Structures are given as structure tokens and as C-alpha cells.
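S.K.: Please build the complex by placing chain Z on the supplied structure of chain Y, with the hints as guidance.
Protein chains in written order, with my numbering: chain Y, 1 to 132; chain Z, 1 to 71.
Rather than coming from a laboratory, the hints here were simulated on the basis of the structure. Here the structure is a predicted model, which is why all the values come from computation and not from measurement. Here a beta-carbon is modelled for each residue, glycine too, at the ideal position from N, C-alpha and C. Just so you know, not all the hints are guaranteed correct.
As the list claims (entries may be wrong) - With a cut-off of at most 20 Å between alpha-carbon atoms, the simulated SDA-like pairs for lysine to any residue come out as follows:
no., chain 1, residue 1, chain 2, residue 2
1, Z, K9, Y, R68
2, Y, K98, Z, S35
3, Y, K120, Z, S30
4, Y, K98, Y, T124
5, Y, K120, Z, K27
6, Y, K98, Y, E125
7, Y, K120, Z, V28
8, Y, K63, Z, G40
9, Y, K63, Z, F64
What the hints assert, rightly or not - Only part of the chain Y face toward chain Z is listed, based on derived beta-carbon distances under 10 Å:
no., residue
10, R56
11, F59
12, P86
13, D90
14, R92
15, Y95
16, I99
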Amino acid sequence: MFRIEKSVIQAIIAHAKKELPNEACGYLASVNELVTSHYELTNIDQAPDHFNMEPREQFAAVKEMRSRGQALRGVYHSHPETPARPSAEDIRLAYDSKISFVIVSLAAAEPEIRSFLVAKGAVTEEPIEIIE
Amino acid sequence: MQISMNGEKRQVAGDSLTIAVLLEMEKVESPEMVSVQVNGDVIDRTLYQETDIGDGDEVDFLYFMGGGSRR
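Next comes chain Y alone, as it looks inside the complex:
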């Protein structure tokens, strides 16, 4: 189960829309397994169909999480024009099996968000519980 506050859902959708036509990306941080914050990171590819995080920003975000008593719970990115399911490239580049991979799709009129665990190429969708 992937538990996340509704305000974070709204924030990552807003981030995805702000970065259009490019993909947005960032980290999701939790306290007691509930995602309470998102960290917007730069997509250094600035592309509509790909993202890469900047390592210095990654380190800075993770250190800020620590200082705030948070844990890295997941990574999110957007699919501006395709559904919220991992592409072959998403799966190939998902090296961290301990965190969730959240995809925000803006392909339809209503944004769609799904969460996945990826371990050595095997993808498992996990239910999302949105906390008001």
C-alpha cells in the first residue's frame, strides 16, 4: 500500500502541468510510511518523453529529508501524453527496488496517478491510499 496525503497528490499534478510539454520529476518523502512532502527536481533532459535527475539536487533533497525526519519513499515523474504505466525505459532504469515509482499521466482529461514497485525488471502495481 502506498499512502500519500491528498495535498501531495495535488502538488505533483500541478508540477507535472507546470513542466509541460516536458516530463516533470521529483522525490516523495514520508513520515511513518505516509508521504507528506514532495521535492521537485530538475529534469536535466528537458524532454517530453524522458527524464534524468541531477545528482547534486538528489543529494540535497535527501539530506533535507533527513534533517526534517523524513524518509525517501518514492520517485515520481510525469507522462505528458501516455498512460500512467511504466515504459520499457522506466523499467530498465529503475535500479532502486526499495522505493516506489509513481507516474502521473496527463494523457486524459483527468490526471491519472499510479504507483509501482520494480525489482530486477519485475513490475508490481501497489494500491494508493489517499489521505485527506
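M.R.: Coordinates of chain Z only, in the frame set by chain Y:
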């Protein structure tokens, strides 16, 4: 020696070890896809075999993150 690893104090045997050895000791999967920062400096991946970690160093590592909707 004592180092800080991902924010936690760790006691490690010996006076120094390389980043490559540390990642191996920690059983990090796909170490070639890990970014490493030592005392605030991001270390070039090609230098993991020759960069030493010493007493008091602060080491952080995390996975490269990329992907996208490209097929």
C-alpha cells in the same frame, strides 16, 4: 575507523577503503548506477576504484534516476 554513511554513523574495519569496496561491503545492487558524494563532492563514477574513504568522512550514495515515456 568511523564514517558517516547516508547520515548514519558507521564503524568500518581498517584505516581506509575505496568507494568500490564500500559499495560491495554494503551489498549495493547495480553499484555502477549509484551516485556517490564524499564530504559534499560528487565523485566521478570512473574513480570509485581509486577514491579512498577515510576516518571521519561523510559518504552518501543514491541511485541514478531516469526514465520516461519513451518506448
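S.K.: Give a verdict on every hint.
M.R.: A quick look at each hint next to the structure:
Annotation: proposed proximity of K9(Z) to R68(Y) holds, straight-line Cα distance about 18 Å (limit 20 Å). At most 20 Å may separate the alpha-carbon atoms for a hinted pair to count; K98(Y) and S35(Z) meet this at roughly 16 Å. Between the alpha carbons of K120(Y) and S30(Z) the distance comes to roughly 10 Å, so the proposed pair stays at or under 20 Å and holds. For the given pair, K98(Y) sits about 12 Å from T124(Y) by alpha-carbon distance, which is consistent with the 20 Å threshold.
At roughly 15 Å between alpha-carbon atoms, K120(Y) and K27(Z) fall within 20 Å of each other, so this suggested pair holds. Taking the CA atoms of K98(Y) and E125(Y), the gap is about 14 Å. The hint holds against a cut of 20 Å. Proposed proximity of K120(Y) and V28(Z) is supported: the alpha carbons are some 13 Å apart, at most 20 Å. The straight-line distance between the Cα atoms of K63(Y) and G40(Z) is roughly 11 Å, inside the 20 Å bound, and the hint therefore holds.
For the hint linking K63(Y) to F64(Z), the alpha-carbon distance of about 16 Å falls within 20 Å, and the restraint holds. The beta carbon of R56(Y) is positioned within 10 Å of a beta carbon in chain Z (closest approach about 6 Å), and the interface hint is therefore held. A least Cβ separation of about 5 Å between F59(Y) and chain Z falls short of the 10 Å threshold, and the interface hint therefore holds. This hint holds: P86(Y) has a C-beta 8 Å from the nearest C-beta of chain Z, less than the 10 Å allowed.
Interface hint status for D90(Y): upheld, as the beta-carbon distance to the closest one in chain Z is roughly 4 Å, under 10 Å. With a least beta-carbon distance of about 8 Å to chain Z, the hint placing R92(Y) at the interface is held under the 10 Å criterion. At about 5 Å, the closest approach between the beta carbon of Y95(Y) and any beta carbon in chain Z falls short of 10 Å, and the interface hint on this residue holds. For I99(Y), the suggested interface contact is upheld, since its CB lies about 9 Å from the closest CB of chain Z, less than 10 Å.
In the structure shown, no violation is registered for any of the earlier numbered hints.
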